[in-house]
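Participant: Just so you know, the protein sequences line up as chains D and G, in that order. This note's numbering applies: residue 76 is where the first sequence begins, and numbers increase by one. This note's numbering applies: residue 76 is where the second sequence begins, and numbers increase by one.
FYI, nobody ran anything at the bench for these hints, they're computed from the structure. Quantities reported herein were computed from a predicted structural model and do not represent experimental measurements. Nothing false has been slipped in among the hints.
Interface residues of chain G toward chain D, partial, derived using beta-carbon atoms under 7 Å:
no.: 1; residue: ALA193
no.: 2; residue: LEU195
no.: 3; residue: ARG214
no.: 4; residue: TYR243
Derived coverage of chain G by chain D (criterion: at least 3 residues anywhere in the stretch with Cβ under 8 Å from a Cβ of chain D; other residues may be distant):
no.: 5; segment: 158-165
no.: 6; segment: 198-205
no.: 7; segment: 249-258
By construction, the Cβ of each residue, glycine as well, lies at the ideal position given by its N, Cα and C atoms.
Number of protein chains: 2
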Amino acid sequence: MASDLMDTMAATSVAIGQVLDKLLVVPAGPEARVQEAMRYAVFNGGKRLRPLLVLASADLFGVERQHALHVGAALECVHCYSLIHDDLPAMDDDDMRRGQPTVHKKFDEATAILAGDALLTLAFEILASTDTHPDPYVRLELVKSLAVASGGHGMVGGQMIDLTADDYDLDERAIFRLQYMKTGALLSFAVEAGAIMAHAGKKVRASLAGYARDLGLAYQIADDLLDALGDANVVGKATGKDADAGKATIVGILGIERAQQQAAILSQQAIDHLADFDKKAALLREIAEFAINRRA
Amino acid sequence: MASDLMDTMAATSVAIGQVLDKLLVVPAGPEARVQEAMRYAVFNGGKRLRPLLVLASADLFGVERQHALHVGAALECVHCYSLIHDDLPAMDDDDMRRGQPTVHKKFDEATAILAGDALLTLAFEILASTDTHPDPYVRLELVKSLAVASGGHGMVGGQMIDLTADDYDLDERAIFRLQYMKTGALLSFAVEAGAIMAHAGKKVRASLAGYARDLGLAYQIADDLLDALGDANVVGKATGKDADAGKATIVGILGIERAQQQAAILSQQAIDHLADFDKKAALLREIAEFAINRRA
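Isolated chain D (complex conformation) (with noise of 0.2 Å):
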């Protein structure tokens, strides 16, 4: 992994922090715990992958850096609450998250439920504020953009169809499209928020999406190799879980061998798709590499 990303990403944790550390109030009253657990939840050593999607495209239309920052503060506040909401014993009882207990584990159930509900009722407090851009009209199509990724029809969806995915006979095309519906549409949100924000045209739209949707299946297919492949102790989570579990994945469908070629050619597919785009878009180019070389 080239270290120029290294030290995008480590910048751009430092930066996204800042503005989280701003927009989510220090705990107090007798409301303190859930304000507590939203903070622990979103300061948990995160690589900030999204808030960094969301700046490095962008970037690729000279988008005002705090404008950029305030979106990825806002769906870095949708990621963590699906990551809490997953955790929960009734999800996927996960007791560890980046080496850390599980929010559910360091509070309790209940005041990880509404850490949740809280972090995602924040984040379009945020994208309606003018903080995040000047033009009414592009945080209105933020806020409908972020609502659509991560509602009932995108991640949490997605997640629903994997909780029951041994109830159907999920064919690869059905297991592709609920990975998409679960990683993908909120990476896809991160991309073409860097448009929104620029009034890109359709046809550079339409370059990112595409871009996006290999990214988030590079991304997934990646993360599916990890739980199979990967150390506990790197990953920072259980791993060996999907298979337990008998979930869907791409790797238990393809293989082990197939999945990692697979993700390669979509990762590849992420890339081509930048084409028409100059070295501005190199962060985008270096995220796509680091998706499917990753260690956690």
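With chain D held as given, fit chain G onto it using these hints.
Facilitator: Frame of chain D, contents of chain G only:
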């Protein structure tokens, strides 16, 4: 209770039901289960009090009916999501609501969590849509106001306090604050929504905010009284739960008789805030009376 109000409530319920039916896609695909649960939660014979308040406040200003119905539908989605999550075993652990199994009993806990998440998300998607209002600034103000009313410093914050009330020695003032956050904030949004849609001035908004604040507290005391005195068969859910759970309620602090007096005072205060409005406010006045005289 005036039969006029009954008729209006019934008509509102039908109109809101039609809008919600259009907005909640008919279940399809392997993700159908979450959509089924969303519809089950939303079409459960609820009173649609919050949409009624939106319509009543919108009528003060001649706001177009279709716009008010969309705001009412979004608000009802938030209300229903909060009921699904509040009913979960980790929260209030309720098996029945309005005489029917709660969502996690009818489906399962994971589906209930996801259905709540998706309804909350859908609410913001609805508010961002042009069907809700042609003015983008109005839509953004609705998004922001609903997020604040329902988030960590509003409804969710109130629920957090309620769950941990045992850990704090809440005085009367703190309990009123808790109840306002838990129930009043969303009712306030409902009443102020009409003013937002009509670009009403500060003075008018202050009157409506005062009405909403007093109405919310009166409504919550009446709710607590129903819990303390009510018949489970009429109320449609378990009663006597607050006392059993040692919950911090206004009835618990004031006792039955003083709480009844307090609710009546608050209802009258709410009506007094409407002094500057003519007969267009008749419905809001009737609702303030209904809030404390209802049986369920």
